[in-house]
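Trainee: Chain residues, written in single-letter form:
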Amino acid sequence: MKPAIEVERLSKSFGKPTPALDDVSLTVGEGEMVALIGPSGSGKSTLLRHLSGLALGEREWTPGRVRVLGREVQDGGRLASGIRRTRCEIGFIFQQFNLVGRLPVLTNVLAGRLGTMPLWRSLPKAFTAAEKAEALAALARVGIAECAVQRASTLSGGQQQRAAIARALVQGARVILADEPIASLDPRSARTVMDTLAAINRRDGITVVVSLHQVDYARRYCPRTVALRDGRIVFDGPSAELTPALLERIYGAEVQEVLGEAAIEAAPQRLTADLAAFAGAQHVGALEARV
Amino acid sequence: MTPTLYEPPREAASSVPRPSPLKGSLLTTFGWALAAAVLVWSWQGAEIRPWALVTDGGNMAELAADFFPPDFSDWRFYLEQMVVTLQIAVWGTVLSIVCAVPFGLLSAENVAPWWVRQPVRRLMDALRAINEMVFAMIFVVAVGLGPFAGVLALFVHTTGVLAKLFSEAVEAIDPRPVEGIRATGAHPLEEIVYGVIPQVMPLWISYSLYRFESNVRSATVVGMVGAGGIGVVLWELIRGFYFAQTCAVILVIVATVSLLDIVSARLRKLAI
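Residue numbers (this note's numbering), protein chains in the order written: chain A, 51 to 341; chain B, -12 to 259.
Only chain A is shown next, with the shape it has when bound in the complex:
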């Protein structure tokens, strides 16, 4: 398997005594779908941002190096000169979607083309009919074609995240890095977004690295999981091997934060129980249907 992402001895401190990334080395093969798990502050986001060159490793420490699709992203804390060319092939999905709220959804998706468009066409926003058709097709694929002309800010969180995925599709990305893509979403939207990412991975063979707060989504969607703790890789292997017992051994007291399954499954039940206490038993059936 050809490597899509190669990380060698990457470290990052953000000026604090405990490093955000501590000598991380990692290889992800083309076409893999890998989950990155760990409690908050374990370095998941930091690692992903380094993969796209949105953050730079320490210069003085280990000679950290990142290559994506065989092209250099950063080396020894310095951004590679061809970074824009490399970023064209990396779709980045953010926890907060990072769409431009005042622009229409279609323009946000068309922004995926910017890396490969000449400036004289991109600055006046002169997209060709073919490019617009492609963007619409991408929106249709993620299931929100009807929102194309709306401002991005009018969409729900789940819809915005799917628009962001459509942008990565239009980009022609061969690697998608998703930084906590479902952390701000309700369970149903979260499943839709994860289904979309999984479909892109299976059908288009796009490499996906997705950071997740909780391990149950990793087990459900990703064959391989990389677990981080305090900026170090503490587990790298088949997601099926991540039993609660092993997680407990890895994370100790923090295990509750990554053992999300129980919390997610229990939430709607707890909600209905609370509502029942307030509203009386006869309304619960209707409420349950809505939840």
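Relax, there's no trap hidden among the hints.
Derived list of chain B stretches under chain A, where covered just means 3 residues or more per stretch with a C-beta under 8 Å from a C-beta of chain A:
hint	stretch
1	152 to 166
2	178 to 187
Anything over 12 Å on all C-beta distances counts as not near chain B; from chain A, calculated:
hint	residue
3	72
4	76
5	117
6	195
7	238
8	239
9	249
10	284
11	285
12	295
13	304
These are calculated hints, taken from the structure and not from any lab test. C-beta: ideal position from N, C-alpha, C; glycine also.
Fit chain B to the known structure of chain A by using the hints.
Mentor: Coordinates of chain B only, in the frame set by chain A:
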């Protein structure tokens, strides 16, 4: 058993060091004294003589009487010149917006590196520091008497003002959408056009309209140094002691400026 054992130690409270209330009041007193000193000092510098209002009251009443009734016999000419004044303000503002966009971006912390930002900011400070009247006097010498000197004066001064306001709007944007654009491999200029401008557009429009309003007011004044428009008329009338006509011109200005303020306020509400 001694019941006093469990009583709150009353004396202990005062032994804890706490900010003395006396210290606070001393500071306040000092602050007021300083403010009073500045007022007295400025009174002398500004040669304020309130009794002049009383002793020269007769003069003032006579002057005021000369203003009324206003003489509108030349109203066509006044309106014509008022339109010229508006035209000066339109072009002064438009040119300044065109220049304030790049200068504003170049003086924003989150867009330009310090070695670009600092010189641009200093240049904009200089443009802002010098009043449009001063620029008008300079441009009258450079391009001759007339409205064009007024346009240039407003243009240069307003560029400094708008660049500052524009850059403050840019510095207050949400960085995340810009990062989203950057992550697609976009050029820095594309980051600005797609990530920054859409976010600041409502504020930029609002600031520009506000500056247009105030430029209409300024355009009436730059005329006094010969830079065209109603200001020239006003200045000639005042110097010729034609107070009834002066009053008419002032009323024309007041009406126009008030009307524009209302329209512009409506438009600014639409922009946001």
